[in-house]
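**Q** Input sequences plus hints: build the corresponding full structure.
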Amino acid sequence: MFEKFPVLETKNLILREIIPDDAEVIFRNYSDNEVMKYFGRELLTKISQAEEKIIGIKEDFINRKGIRWAVCLKEDNIMIGSGGFWRILKEHLRAEIGYELSKSYWGQGIMKEALSAMINFGFEKMNLHSIEANLDPENYGSLKLLEKLNFVREGYFKDSYYFKGKFTDTVSYSLINVKQK
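Using the numbering used here, the letters of the sequence shown correspond one by one to residues 652 to 832.
The hints are simulated quantities; they were obtained by calculation from the structure and are not laboratory data. These numbers come from a predicted model, not from an experiment. It cannot be assumed that every hint is accurate.
To be verified - Derived DSS-like pairs: lysine-lysine, alpha-carbon spacing no greater than 27 Å straight-line: (1) K688 / K815; (2) K754 / K697; (3) K754 / K662; (4) K688 / K704; (5) K741 / K763.
**A** Spelled out as structure tokens, the structure:
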């Protein structure tokens with residue numbers, strides 16, 4: 652993808668590389684029941700797990716498997732969430748987008764601003780034709796966010812995910828790069 656990690660800037664945000672100093676925020680978000688409610692993953696229980704996650708994110712970038720930005724307010728450059736692309740299918744010019752935000756920042760338009768920058772980057776710099784998002788149909792906040800960003804619902808998959816002893820449905824959304832033919 653890129654030799655150097657790309658930093659993105661918006662009106663209110665800086666999207667930068669996730670660094671070891673971000674481990675505390677990652678631990679806080681990924682151990683929070685509300686933040687992780689629809690992720691279908693075990694909560695983190697130790698700071699060392701957050702440190703390992705940061706190493707994995709960096710390895711994915713180096714190996715061109717994914718790119719994930721720390722979402723930071725411009726005023727202090729402290730991470731409040733993250734987002735980026737994974738499941739990158741270069742041969743199909745397609746990637747999946749994922750994101751999370753500390754709950755004290757929910758409902759302020761921060762993730763909409765961050766995702767807009769990531770989407771523009773995906774289409775303009777990564778040459779993606781489509782961006783996919785897969786989520787729990789009960790994650791209403793995320794569904795509304797994707798629709799505000801012009802994502803279109805493509806499919807509904809019944810009992811497609813098994814976690815903690817129960818099956819969960821998945822809804823799939825995508826956004827097509829209309830500028831690309």
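**Q** Next step is simple, just say for each hint if it's right about the structure.
**A** Quick rundown of the hints versus the structure:
Straight-line distance between C-alpha atoms of K688 and K815 comes to about 12 Å, which keeps the hinted pair within the 27 Å bound. Distance check on the hinted pair: K754 and K697 sit about 20 Å apart at the alpha-carbon level, within 27 Å; holds. Pair hint K754 plus K662 holds up; C-alpha atoms about 21 Å apart against a cutoff of 27 Å. For the given pair, K688 sits about 18 Å from K704 by alpha-carbon distance, which is consistent with the 27 Å threshold.
Between K741 and K763 the alpha-carbon distance is near 25 Å, which keeps this suggested pair within the 27 Å criterion.
Consistency note: the structure conflicts with none of the earlier hints.
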